[in-house]
Amino acid sequence: MKEKFEPNIIGFLCNWCSYAGADLAGTSRIQYPPNLKVIRVMCSGRVNPIFVINALQQGADGVLIGGCHPGDCHYERGNYLARRRMAVLKNLLEYTGIDSNRVRMTWVSAAEGHKFAEVVKEVTEDIRKLGPMQHFRRENKW
Amino acid sequence: MKIGVYICQCGINISQTVDVEEVVKYASTLPSVEVARFYKYMCSDPGQELIKKDIKEMKLDRVVVASCSPRMHEPTFRAVLEDMGMNPYYFEMVNLREHCSWVHEDKDRATAKAKHLVEGAVARATFLEPLEKKEVSVIPRALVVGGGIAGIQAALEIAEKGFKVYLVERNPSIGGHMAQLDKTFPTMDCSACILTPKMVDVARHPNIELFTYSEVQDVEGYIGNFKVKIKKKPRYVDIEKCVGCGACAEACRLHNRIPNEFDMKMSKRSAIYVPFPQSVPLKYTIDPETCITLKTGKCGDHALCIEACDDRNAIDFDQKEEIVEVEVGTIVVATGYELFDPAKKAEYGYGQYDNVITGLEFERLVSASGPTEGHVEINGKKPKKVVFIQCVGSRDKETNEYCSRVCCMYTAKQAHMVKDKIPDADLIIYFTDVRAFGKGFEEFYNRVQGEGITYRRRDLGDPIKVNKQGDRVVVKAKGHPDIEADLVVLATGIIPRKDSKELSRILNINQSADGFFLEAHPKLRPVDTFTDGIFLAGCCQSPKDIPDAVAQASGAAVRAAEPLAAGKVEVEAISANIDEDLCSGCRICEDLCAYSALEFDEKDKIMRVNDVLCKGCGSCASACPTGCISMKHFDMKQLLAQIGGLVG
Ligand SMILES: Cc1cc2nc3c(=O)[nH]c(=O)nc-3n(C[C@H](O)[C@H](O)[C@H](O)COP(=O)(O)OP(=O)(O)OC[C@H]3O[C@@H](n4cnc5c(N)ncnc54)[C@H](O)[C@@H]3O)c2cc1C
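Heads up: the protein sequence lines correspond to chains R and V, in order. Per our numbering, the first sequence starts with residue 1, numbered consecutively. Per our numbering, the second sequence starts with residue 143, numbered consecutively.
Hints are computed from structural coordinates only; laboratory data are not their basis. Predicted model, so just to flag it, every value in this text is computed and none were measured. Ideal Cβ positions, reconstructed from N, Cα and C, are used throughout, including at glycine. Hints are supplied without guarantee of correctness; some may be wrong.
Computed cross-link-like contacts, DSS-like style, restricted to lysine-lysine with a CA-CA straight-line distance of at most 27 Å [unchecked claim]:
| id | chain 1 | residue 1 | chain 2 | residue 2 |
| --- | --- | --- | --- | --- |
| 1 | V | K643 | R | K115 |
| 2 | R | K4 | V | K249 |
| 3 | V | K249 | R | K129 |
| 4 | R | K90 | V | K779 |
| 5 | R | K115 | V | K249 |
| 6 | V | K249 | V | K306 |
| 7 | R | K121 | V | K539 |
| 8 | V | K249 | R | K121 |
Cβ-Cβ distance ranges computed for the label pairs, FRET-style [stated by the list, open to error]:
| id | chain 1 | residue 1 | chain 2 | residue 2 | range |
| --- | --- | --- | --- | --- | --- |
| 9 | R | L92 | V | E732 | 23 to 29 Å |
| 10 | V | A655 | R | S100 | 27 to 33 Å |
| 11 | R | T96 | V | V754 | 39 to 45 Å |
| 12 | R | Y95 | V | E732 | 25 to 31 Å |
| 13 | V | S726 | R | T96 | 24 to 30 Å |
| 14 | V | R598 | R | S100 | 36 to 42 Å |
| 15 | V | G493 | R | L92 | 53 to 59 Å |
| 16 | V | P173 | R | S100 | 53 to 59 Å |
| 17 | R | Y95 | V | T171 | 38 to 44 Å |
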């Protein structure tokens, strides 16, 4: 039998909520699959759709964007901007034939260690089901 | 380019799930990596020395440390670089502990992940650029929100350090819950006797400006420079003219007709009132919900309060809400708590039977200044059999999972007070576990037990039921004989203020899962919030007793005074930067900025960044169609390189 596919997932987490939530999952030793690798940004509003596409190009099978809950943005409304951008990006992905479920936007507060772990579990399973990403791969050697 | 990579074992916290030597081996093969090492504790002195030595001897250009969360130790390692004369922004951190070793079990996979995390950081480090830290001046004044014991303590201490303090309290008087208590455990000193002198100190202190009957409506800005809008609700009494004589309240047509909230509605006040005789300030307030003039425009043939006030002329029905703007450098939040509403647990019979009261109602009942002048009476009779039930709305998965920390002790205190006033009364306490953890608590608990009070363990899984029987109630608890009681006192738990969410948004601070305000670190930064310049004191952060609330308030006062004393603070150098040659002046970014930090230059037809206003979120950079906006320290080049490293 073929070995289980382990998806490669990149996460963009806002420093104030989701990243802190991930830290809390750590301090509370809540286990989740090691498929997600996190990039810290100051705000989910920093996530340019290009980053997401670039991650998919460079070898990620999925991307998670975590921001503060609606209304709780540390910068007032960056999370709303992120949500809109990701909605547009998902449409675009569908248009190019890529399952938009490869990209997920979520809200995790600094107090939600459990939720963070749950989201990572879900995203890992969802993307495992979608299989490896094979579209527009390209090498981007830094 | 020469990069040094340092992997921390964190004792065994990291090394038990991540093969640190493997990661070091891998890191040494990455481009530009000059040296890679591991050490037991990178953050320790020898760990830091190790890095310093390499910086000096190998002339490193960039440093990557893979250890714990950057939210913990990034400043530590940046300082190492600074010590060696390097720009601190040449540092990059990998969160191997919180994001890897602590959350994964499979050592092979955790090690593989760790390698990629390090690879991402090395890639990003290659593109890091030096930045100048921004320094801003600090307005040497503080705001304290909430005038309970915690807010009072914090305000007095900051004021004593020589800084001006604005103290904002929602109610007509400061004092908070402590003003409602009769005696305080474990020493049984009289609450008012220790509190009211402090309240008076607040009113008299030349550095404190008191805003009662007021609320914080809006906060803008950042550490050192907060702009605060304070809403002063109309009192309909000119506090400059009011002398607190009370003639108005005596004269009021609704005299002794309105339930007094301070006495938990067990006594009556007038429509014009002070909450309690020692109120600070001792100035009257007209309750707009009940005042006949305010509700109907007319009170009999004339308003009796105006007549009683006579030539002092303090009453002013035309008073309007007022917004006062103040500027402060730091803020202490001390908004306290509310109590669990036991009516939500119908089995206790609260709100159905007069014989069932809450602990706070009991405090008023037993207080010499309370509705019964300190006589413990229920329906005019001395209770002979009193039952106390603990953990009402605490330690209960259905309501609040946490322990409220004060109920065990206040129940013991209240039982002791009943015994004191009615020596032949029979007292039973239903408890879950007696938590007598504080200084002098266990001794106090032993003393109370020795007074002939019966402690019975309850099972939280089995509800205790209180039912009416004649003019008494029957208390049924599983595993114990039923008790026919004259009075049942419910130890209701401490819960966050209903408007905590709203206030957290105004202040831009976080709440923990239980709804209390969240501290920046549960152990090492217990009074800080994640927002620089805003600190927490008292029960708004978690349930606590008076000594703990006061201790935390002193801590918060010191933290809040530090920047005021320094006169300036360093703020993150992360901000937006515009490439003038690339900017097309489309102005798409302009409206995205929540801080109006982007301004259109009419002359050159391009956008410009106001560095002081920019907070570095990056919302603009992600929208710029020409890509002319770069984010310092979170630049596209840096992030794309990191992605490349992470995906491996
Ligand atoms: C029945 C009972 C008995 C107790 N007995 C004891 C005892 O014997 N010994 C002991 O050590 N502890 C006792 N405690 C605990 C004690 O009450 C608390 O530790 C203490 O009152 C906490 O003070 P605080 O300032 O944090 O909060 P609070 O007393 O709640 O004060 C907060 C203040 O902030 C104001 N406020 C709230 N929101 C805003 C806002 N948005 N804007 C402006 N102002 C606002 C409120 O009006 C209030 O004045 C008892 C508690 C209870 C319930």
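Right, here's what the structure says about each hint:
1. Only pairs whose Cα atoms come within 27 Å are accepted, and K643 (chain V) paired with K115 (chain R) is accepted, the gap being roughly 19 Å.
2. Proposed proximity of K4 (chain R) and K249 (chain V) is supported: the alpha carbons are some 17 Å apart, at most 27 Å.
3. Annotation: proposed proximity of K249 (chain V) to K129 (chain R) holds, straight-line Cα distance about 24 Å (limit 27 Å).
4. Note on K90 (chain R) and K779 (chain V): the hinted pairing holds, with a Cα-Cα distance of about 23 Å set against a maximum of 27 Å.
5. Between K115 (chain R) and K249 (chain V) the CA atoms are separated by roughly 24 Å; this keeps the pair inside 27 Å, and the hint holds.
6. With a C-alpha separation of about 56 Å, the suggested pair K249 (chain V) and K306 (chain V) falls outside the 27 Å cut-off, and the hint is violated.
7. Pair hint K121 (chain R) plus K539 (chain V) holds up; C-alpha atoms about 25 Å apart against a cutoff of 27 Å.
8. Between the alpha carbons of K249 (chain V) and K121 (chain R) the distance comes to roughly 18 Å, so the proposed pair stays at or under 27 Å and holds.
9. Look at L92 (chain R) against E732 (chain V): about 25 Å separates their beta carbons, and that is inside 23 to 29 Å.
10. A beta carbon spacing of about 31 Å between A655 (chain V) and S100 (chain R) agrees with the range 27 to 33 Å that was offered as a hint.
11. In this structure the hint that T96 (chain R) and V754 (chain V) lie 39 to 45 Å apart at CB holds, the actual value being about 42 Å.
12. Separated by about 29 Å at the C-beta atoms, Y95 (chain R) and E732 (chain V) satisfy the suggested range of 25 to 31 Å.
13. Here the CB-CB span from S726 (chain V) to T96 (chain R) is close to 27 Å, well matched to the stated 24 to 30 Å.
14. Separation of R598 (chain V) from S100 (chain R) is about 60 Å and departs from the stated range, judged on CB atoms against 36 to 42 Å.
15. Judged by the Cβ atoms, the range 53 to 59 Å given for G493 (chain V) and L92 (chain R) holds: they are separated by roughly 57 Å.
16. At about 34 Å, the CB distance of P173 (chain V) to S100 (chain R) disagrees with the hint of 53 to 59 Å.
17. Range check, Y95 (chain R) to T171 (chain V): Cβ separation about 40 Å, and the 38 to 44 Å hint holds.
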